[in-house]
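Taken in sequence, the protein lines are chains L and U. For the first sequence, my numbering assigns the number 359 to the last residue and increments by one with no breaks. For the second sequence, my numbering assigns the number 1359 to the last residue and increments by one with no breaks.
Derived by calculation from the structure, the hints in this document are not laboratory data. A quick note: this is a predicted structure, and the numbers were derived from the prediction, not measured. We put the beta carbon where it would ideally sit given N, CA and C, even for glycine. Misleading hints may appear alongside valid ones.
Stated by the list, open to error - Simulated DEER-style distance windows between Cβ atoms:
(1) L:F196 <-> U:T1162: 39 to 49 Å
(2) L:T162 <-> U:G1106: 22 to 32 Å
(3) L:A324 <-> U:D1063: 55 to 65 Å
Unchecked claim - Capping the alpha-carbon separation at 20 Å, the derived lysine to aspartate or glutamate pairs in DMTMM-like fashion look like this:
(4) U:K1054 <-> L:E266
(5) L:K54 <-> U:E1266
(6) L:K2 <-> L:E15
Protein chains: 2
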Amino acid sequence: MKAVVRRGAELVDTEIAEPVPGEGQALVSTLVCGICGSDLHALHYLDHMIALTKRAGGMETVDPAQDVVFGHEFCAEVLDYGPGCTGAIKPGTAVVSVPAAFGPQGGELVGYSNRFPGGFAERMVLTEAMLLPVPNGLDAERAALTEPMAVGEHAVAQAPLTPRSVALVIGCGPVGLSVISALKARGMGPVIATDFSPERRRAAELLGADVVLDPREQSPHDRWEALDVPATMASLSTSQLLGRSIRDAVIFECVGVPGMIQQLIEKAPPTASIIVVGVCMESDSIEPSLAINKQLSLKFVFGYSPEEFAATLHEIAEGARDVAPLISGTVGRSGVKDAFKALSGGGDRIKVLVDPRRP
Amino acid sequence: MKAVVRRGAELVDTEIAEPVPGEGQALVSTLVCGICGSDLHALHYLDHMIALTKRAGGMETVDPAQDVVFGHEFCAEVLDYGPGCTGAIKPGTAVVSVPAAFGPQGGELVGYSNRFPGGFAERMVLTEAMLLPVPNGLDAERAALTEPMAVGEHAVAQAPLTPRSVALVIGCGPVGLSVISALKARGMGPVIATDFSPERRRAAELLGADVVLDPREQSPHDRWEALDVPATMASLSTSQLLGRSIRDAVIFECVGVPGMIQQLIEKAPPTASIIVVGVCMESDSIEPSLAINKQLSLKFVFGYSPEEFAATLHEIAEGARDVAPLISGTVGRSGVKDAFKALSGGGDRIKVLVDPRRP
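Extracted from the complex, chain L is given alone in its bound form (with noise of 0.2 Å):
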């Protein structure tokens, strides 16, 4: 079958084996699916993504030495299923899965595997337990877009958020949009977004992102006092108590560079959550004796639960969230190199998505 395959930090458009569903895995046909970041720095550096996964607790899965074929945001159409299957969900079916199959290794994730080829690749072979549905007509497109939806969902459900709280979403790109429309979805306000982009600001207003800034005109941070609540005496600290508010702000920090996690400590008001969305893989530096003063709290999040990507599944399929405004369009397996130096950029595009049966 027709693939892009990583090979030695290139990206080729070749012939790879034909993937054979084995036992619990169907076979499916790939429809569409989308670049994610952490491909694009794969390609280059996917040693210091397993060496990570690897100091996390993760298994060892997948030899960079070998052929990948990236790919984890997908919706895909059942063709046929292995032995021990139930078939429950007929043939010709689009579904939609956690990029997580298992085989006789043990498990390991769809797209950042030598044995299960992703999403760049015509077919796919996937856990049928694991399979979803796409329900209520969804186009391919837009329940690709489950994936990094979900990484929203799973970043809004671990903030301490309250009725009074305050959002700001730094950065929106396909991680803080993802997280603007959970917030949104779950009715909350006001969120407060930021980007340089004037394209990724104008999705986060389409997304309902309560007020939208370009931080080179003004700090979101200047929000901060004009939102002030009036502190209760049970909740405050010694430090607190001489002269200083607190409020619930919540802050997603999106971007994933080097000094956003010491400018929001530096910025942030008191009692703060800082959810850490965006992966900064390099090291960075902080100063903890000004977190600590303000009591700040940095909660690093990462991925979802099948539960909550179902739901997310169930929210864009329903209209609750909508994902149109992050596809900045489609590419066939001669665009994905081109795509992927886009997307490095920096520039403009949102979600990139790929069909591999065009070439």
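Mind docking chain U on chain L? Use the hints.
Chain U only, in chain L's frame:
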């Protein structure tokens, strides 16, 4: 009156003006007052502490060029009242107080103020409304431990503890011991504690830590595997589906030197909560991508609420929290300078008290 004064980064045993209680203020005679780690820092770096407070949104209330009398961990005896007081607590009664006093210029921290001398002086003025009578015949030495023990009370209240939590306390100085004591008063266990000092490890044992380790001999992190709890699907992110397990690990960082936070990011099990109580005054380096991969949270805590302070006093007075193992001895005014030196040297002394009535 006699007081040990900070004057140009030196401690001077000298005569200062008698304090006069103003509107709503009580005049008290200091019985005993603890030396805090922040006093050691403030002796040389008061400028830095002031800048930090200001950056954190607090008020600039102390001029480091003028005299400051340290001491915010005190037990005192009521002598007299200024105008507008109720006088409900009779003269001669032993009291403690959150070290915050309110004057015409607003609130200030007793012990870090040019206007309100702290407990290294023979007498102080305190806000009547904040005085708490020492109950149950508790002696002044143990009552003076209310303030540092309230720090642990607050840290533990801020931690996401559950009945299946495993608590690890890194560092058994006054802060770590206060955390251990608060954990055991709540019936938490197992509590694992580590420190290089045999005296501090002994104090941790006396306060009820279940496992006490010398980190040179055994890493506390080796214990996580043994304390493993099977994970449930619902609480797992994608990456955790792939061979990881989780448990409710809550780690209290009570050392406060550079490198500690990253060491915990490196060693903590996935989804652990790290409560940062030790104050690292320098810039520190962390690896956000590893923290994200493990979904760690870092909660920076500071101080306590007036309610936590009052609860701590009663827990000590009723024997729910024993503080005797923390007390290394009491010095007079002439011993303060040497005590500062010894405590800064990282020796085995834990909490040294000052009786400012003694020469």
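Verification of the supplied hints:
| no. | hint | in the structure |
| --- | --- | --- |
| 1 | L:F196 <-> U:T1162: 39 to 49 Å | holds (42 Å) |
| 2 | L:T162 <-> U:G1106: 22 to 32 Å | holds (29 Å) |
| 3 | L:A324 <-> U:D1063: 55 to 65 Å | holds (59 Å) |
| 4 | U:K1054 <-> L:E266 | holds (11 Å) |
| 5 | L:K54 <-> U:E1266 | holds (11 Å) |
| 6 | L:K2 <-> L:E15 | holds (5 Å) |
In summary, the structure agrees with every hint in the numbered list given earlier.
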